Each structure stands twice: as C-alpha cells, then as structure tokens.
Amino acid sequence: MWTRLKFRHGVHPPELKDLTARVPIRRVPYPDEVVLPLRQHTGKPARLTVKVGDRVERGDRVAEADGYVSTPIHASAAGTVREIGLWPHPDGSYAPAVRIAVDRYSPQAPRPRLVPDWTRLGPAELIEAIRQAGVVGLGGAAFPTHVKLAPPKDQAIDTVLVNGCECEPYLTTDHRTMVEYPERVQLGVRIMMRCLGVRRALIGIEKNKPDALEAIRRTVPADLDVAVQALDVKYPQGAEKMLIEALLGREVPSGKLPMHVGVVVQNVASAATIAEVFDTGLPLIERIVTVTGRGIRRPSNLIVPVGMKLRDLVEACGGFTEDAREVIFGGPMMGIAQAHLDTPLTKGTTGVVVLTEADTRPAASWPCVRCGRCLETCPVFLNPQLLGQLALKERWAEMEASHLADCLLCGCCGYTCPSNIPLPQLFALAKAALRKRPAAA
Amino acid sequence: MSGPSLLITASPHLAAGDSTPKIMWTVVASLAPLVAAATYFFGPGALLVVGAATAGAVAAERVFGRHGTLADGSAAITGILLGLTLPAGIPLWMAFAGGAFGLAIGKLLFGGLGQNVFNPALLGRAFLQAAFPVAMTTWPMPAAAGDWWKLRGDSFAIPFASPRALDVVTGATPLGKMKFENEATRLLDLVLGTTPGSLGETSALLILICGGYLALRNYLNWRIPASIFATVGVLATGLHWLHPRYPDAAFMLFSGGLMLGAVYMATDLVTSPVTNPGCWIFGAGIGLLVVLIRIWGGLAEGVMYAILIMNAFVPYLNRWTQPRVFGTQRLTART
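Going down the list, the sequences are from chains A and B.
Under the working numbering, the first residue of the first sequence carries the number 1, and numbering increases by one thereafter.
Under the working numbering, the first residue of the second sequence carries the number 1001, and numbering increases by one thereafter.
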C-alpha cells in the first residue's frame, strides 16, 4: 500500500532528549510509602478490596475492576495499608487512594504464583489474563488494554500498529524500552496479534531514535509479518490518528476510533508490559519513567513502583537544582504541572520533567492578531483561532458545533501562538463545561 | 528535602519563541530601509512626514489605548505605513492628524489590537484624502542634484491655515500620467523608484526585498501578495492584449502603491483572512479591484480602496474557507 508516511500540519518543538537518551534504565530503591489512586486509567475507577491495617505482598490486588472499562490495581510494594482516603492526584484533584506503608526490610518478593504459558492460551484467556494484570496503555492516556484487544465482533481488524514514536520532547521512556528490551516488545506484539487474530503488525519509530530502530529491526521475528517503519520527527506523530494516517494512509472518521478503520494502536511500553505479565506472572506494578529536565540534578530513566511519590523520585535523581521551578507529569506539550511533591506516579505517567525558571513559559499574553499560525499547525484541521475566541466568550455550544470534540489537546496551537494565548487550556475548559452540560444546551 | 515553590501553568510548557511584539517590531525594522530610501529620494522632508504620522499614531495609542499597549509595536507600524503613503511635501500637522485618526478611529474604536476590521493606516490615509485632497495629490519630484536638503512643501504650515505656495517642482505620478495623459514611464524608473509619488510607492525593488525577508520569517502570508500580483498581472496582460491603450502588466505591477499595498498593507495580520484559501481569494479580490479602479475609475490609483473594500469581506472569507476537519467529509462552514 502506498502512503506518504506523513501526516499534515503539526510542529517541530526542540527534542531535548539528549539529557537521558543514552542513560541506561536503572531501578530505584523502594520508598517508605506508596500511594495508589483508585483512578489510574480511563474509565471507571477500581473498587477497593482491602481495608486499613491489611497486610499486602508485592503484586497483591488492592482494588478490582469495576465494570468492563476498568482494571484492577495491585500493590507495588509489600507493606501495610496505612490509610484509605483522598490524596493529591496527578490530574490536579484530590482522589481516593490507598496508602501503603512499605516494609523496610522486606525482600519485596511476590507470592509464588503460576505463570500462565501464553503459547497454550486462546485469545479470550490471554485477554482475561491481561485484564487481571491491570494492564493499561502506557503512552499516557492509560486506556485499559483489554478493551482495545477485544473489539466488537463486527469490527474487522487487519493491522496492529505499535507506537514507538515518543514525539513528546524530553521523554525517553519508550526509547530506552526499545533499546534495552526489544525482545519484550516483540513478544508483546506477538501476543497482541494473537489476541486480535491479526496477521500484520507495523511498528512506527521516529527517525531520531536510530538505536531503537536498529534494536527493534534486529529482533523482528522471522515467522510473523511485523514491519518496522522509520517516521519523520514531527509532533504529534505519536497521536493515534496521526500515526494511522502516516503508516496506513487511513483517516479515522471524526468521532470514531482506530478500530473503525481496522486498526488497533498500542504503545511499545504497553507491549513490553504484556510480555512481562506472561514472563513473570506479575501484574502491572512498576513502569519505566524518564525523570529529566534542567531542573533535576541527575536526569534518569528509572524502573519505578507505581504509586511512588514525586518527592521520593526526585530524591532518587539527586534532588532539584537551585533554579527548579515547575514539575510536569508527562511531556512538556501535554503534561500536567504538579502542585504537590506528595503526588504519586500512576500507571499512565510517562515521565517527569523538571523545568528551571528560564525554561518555563512566560506569563505575558497579547490579544489574538489572527495570524493564522494555529490553523497551519492543527493536526486535525480545526480552527483554533475561532475556537479560542468562542471560548473566551464561553460560547460552548458553538465550539461543539465547530468540532471541539475532535481536538486532541495536543498543544500545537498553543505552542505556536505568538500572542501566547493558552488555547489548549481554553479547549480543555470547554470540553469540561460541555461534559457537565449535555449536548442539548 | 525542602522543595522549590512550584509553578503551575497549563500545557504546552514549550513555546515556539515568536511573540506578537517581536513580529510587530521586526516589521517596523523591515520598514526602516523604505524610510531611508524615501529620505534618499525626497530629502529630509520625507523623514519628517513619516515621523509626524508615527507621532500621531503613537500619541493616539498612548492617550486612548490601554496601559502598556504601545510596547506591542502595532501603533508604530500604523504610523510608519501611513507616512509612507503620503506625499513628501504634505504639511506635518496633516500627517500627524492622519496617524491619530487611523489609530483612534481605525483601531482603538473597534477595541484595540486584533479587533479592527479595516487597516488603520489606510483608514488614516482615506481620511486625509477626503479632508485635504489638494495636499494629498501634490507630488514633488524626487531630489535632483544640489536640492536634496530642500523641503518639498510647506511642511511646517500652521494647522488649518492655507499652506504657503513654495517654489517646489511637482509632477504627475506615473499612474496619473498614464491615466490623464496616456504617457508611459520607463520601467527601470518604476522599479528603482526615481519617479514622483508618495514616499513608499517609489522603490518597488526595495519593498520586495524587505517583504521577502518578512515572508521568509513567516511574519507575513506570501500568498496574499502572490495572489494580488498574479491577478493584476493576468488582467493587465489580457487588457493590454485587447487594446494597447491599456497599460501592460509590468507597468501595472510596479507603478503606484501596489507594491507597498500588496506587501505591507494587505498582509496586515489582523485585517487579512486567517485561512490560506481565504488569503488567495482576498488577494485576487484586491487585484481585481485595483485594475477596475485604475482603468475605469475616476482616480488614478485604487490600491487603498481595493484593500479597504476587501478588508470588509474578511469575516466572510474566513467563514467560507474553513478547513476540512480531519475525518469529516464536507467543508463545515460555521461562524
């Protein structure tokens, strides 16, 4: 099939990945406490299964899936449930969470368990095992993986796309995963293909990661139709819709999902996690996180227990520099600035970026001069200029009619705006307002 | 471990690095060579005229605008651009009044930067054209050997008094000559700017160089001048082919205010369309109107009115040329 291997529009922010691109992944010591929010995934929060005072081993379930679009949550360290209550959540709110006091002298060995032999399992059993392991997409959105792997029967899927773009500046989580664990990625791809009954997989990797491209190419299995494609470096190449357009030339219809064009997209780190589930039998209780930025003394790629607090993580990286000013969970284009050093990392935290005073975005803003640059960068061809003007007047319904729902909140418009108008923030506000006031308004 | 006091801002946390004041001041800087050229051709009077118009615009912004808006540079652009559309010998108080009018009525009355419908510099010029038709159409000849220092008119005339008649050599603009005397001007003179005319409508070459720089920096949308040039070129060539009485494309493109208008006035960010297709249509409309006014209108020059008229269509052009949203089939025209 002929495709241009490109999507249109988008921006070229500085890559800033040199801080950690060649730093090998290392483990961090266990902290004194982990905090597990019950909402760590898109969908319904998990339902609590422990009470205060309970002892948990590493890998024990502390909350079960509540409904189909939900996943269980497991203890990431052995210890005692100290408190169940509201705790700072990475999204900026306070949310129910389980605080576990970690045993200081525990060897952190999980309970002995049966590791299922994936070669003997059928698709349905594989998907159930993935679900029980609490696997979610590790690219940032944290959508439950089992839901994506079980599309409705009438939806024919022909291709698994594996997302190794990591187009957010600074982050090298997926990059290091591909360089250091290429076999795990390939095994995860194989298992996903089996779940979906799909014969073809395509791995897309941006060209600024030649070592990752090499490692993934080297480990492509001979017996499967898995192709590796180098992609131009452009933000947001890793957005699902953009990746599908670049790799397959298919345009996901407005309001539809990748499966409606016969595609399932999974992140490379999610693939590696699936492989680990069938390798060790352990659920998703730790993940790889890039801690970087000029505001941290020792930028690192780390294996971190889910629920580790920001404070402990920063300490594991040598602490803040003198001029550290802003801490972001995720990348700088879409990530969320954190207010509390007690905020825990969740399954969906791809990285922690610490900006210095000089790196932070200036506060000054000017009126829109209608330069039209936002229109030239929006990857889904919205009119952010118009949407921004409507948002300032709180004309939510008109924004909805102007396709606000298609906005990815990717940040291209805000990045490029010379008047420094916080367009993505306005759009996020509008989306929230529309969710509260249903479409009839 | 004591943490830093954490800053909370919304994403994106990176910025491309251009700011609106940076764009505006770069445009101001790119106008400096044009002002220098005008001074070279018309003597120090040219500098005084541009200065007076700019002072008028800046004063209006300072008096009527919100606090701190002078720093964004947009008032300075309006003043300099207006100055470049004036004759070298115009009394300075008129230039000042034009700048103040353009800024106050043309921009601040609409709500300030980003809100105005019409190009404020051209609105200022339209005001002067209506109020002082004689002063606005007295075109001094470019400086000859030895008289560079001489003022080109009664620059320091007392406001509202009749300007003194000065011994200044004036001449018809190339467009005037063509329209009323059917006499062509050498193309080289047009391109270099050694003809009578307003300060900035003289050196087409310099305007193209400065505008080209802005286009390379993405500070103006090249599609607008390209569309204007193409439309004027095609229409003029066609008319010239029908009857040689009509001027050819080269004359139409390089005479009068077309260059300054197409490169600097029509591309004003605020008063031009936000969509690229809109910019093509906008430019084509200006080109068509310029040819219509120049050939069949009562005036020798029509760039100002062509741009002002098309300014009024910008909201409609924006609405008609909305991009096709990713994953949708139709063009979705919405306000």
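No lab work stands behind these hints: they were computed from the structure.
There may be inaccurate statements among the hints.
Partial pick of chain B residues on the chain A-facing surface, computed with a CB cut under 8 angstroms [what the hints assert, rightly or not]:
#, residue
1, L1006
2, L1007
3, S1011
4, T1026
5, L1070
6, D1072
7, N1221
8, L1269
This one's a predicted model, so the numbers in the text were calculated from it and none came from an experiment.
Where is the CB? At the ideal position from N, CA and C, for every residue including glycine.
Hint check:
no., hint, verdict
1, L1006, "6 angstroms, holds"
2, L1007, "4 angstroms, holds"
3, S1011, "5 angstroms, holds"
4, T1026, "11 angstroms, violated"
5, L1070, "13 angstroms, violated"
6, D1072, "6 angstroms, holds"
7, N1221, "7 angstroms, holds"
8, L1269, "5 angstroms, holds"
In this structure, the hints that do not hold are numbers 4, 5, in rising order.
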